[in-house]
Amino acid sequence: MTTRERIIQAAYHVLAEHGYDATTIKAIAREAEVAPGLVHYYFANKDELLVEVLKDISSRYTENMRRVMDSLPADRVGEAGLNDALQRTLRTPETYCLRWDYAILRCCLR
1 MTTRERIIQA AYHVLAEHGY DATTIKAIAR EAEVAPGLVH YYFANKDELL
51 VEVLKDISSR YTENMRRVMD SLPADRVGEA GLNDALQRTL RTPETYCLRW
101 DYAILRCCLR
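Okay, so the sequence shown: first residue is 1 according to the numbering used here, each after it adds one.
Think of the hints as simulated: they come from the structure by calculation, not from any bench.
In this text, a Cβ means the ideal position worked out from N, Cα and C, and glycines have one as well.
20 angstroms max Cα-Cα, derived SDA-like pairs, lysine to any residue:
| id | residue 1 | residue 2 |
| --- | --- | --- |
| 1 | K55 | E5 |
| 2 | K46 | T3 |
| 3 | K55 | E17 |
| 4 | K26 | E48 |
| 5 | K55 | T95 |
| 6 | K46 | R4 |
| 7 | K55 | C97 |
| 8 | K55 | G19 |
| 9 | K46 | A29 |
| 10 | K26 | H40 |
| 11 | K46 | E17 |
| 12 | K55 | Y41 |
| 13 | K46 | G19 |
| 14 | K46 | E5 |
| 15 | K55 | E94 |
Per label pair, the in silico range of CB-to-CB distance:
| id | residue 1 | residue 2 | range |
| --- | --- | --- | --- |
| 16 | E94 | A44 | 20 to 28 angstroms |
| 17 | G78 | E48 | 29 to 37 angstroms |
| 18 | P73 | L38 | 43 to 51 angstroms |
| 19 | S58 | M1 | 15 to 23 angstroms |
| 20 | T2 | R30 | 13 to 21 angstroms |
| 21 | H40 | N83 | 34 to 42 angstroms |
Turn these sequences into a full structure, and let the hints steer you where they fit.
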């Protein structure tokens with residue numbers, strides 16, 4: 001795993017646990033076991049890091065759904081997709097909290 005990927009993973013954990021407003025770059029750096037300056041080297045600010053965390057979540061979801069689609073007959077893909085969304089929500093509700101934080105952030109920046 002690259003340093004950038006470690007920072008994104010750490011950001012996911014810290015943001016999910018504390019929420020956007022309470023999360024600091026210093027806390028993310030501590031979780032990633034890097035200096036805060038290194039976080040700023042890869043990401044201009046916390047907003048940019050949140051966007052990258054959400055992109056990572058979306059990429060993982062897309063890859064998972066691609067595997068589901070490739071493994072099932074076409075008439076079962078819709079049901080499997082809905083079931084996957086439900087299971088993901090139950091398994092990782094923090095993902096949706098992060099998306100909510102992003103939506104609020106985008107709304108407030110306009």
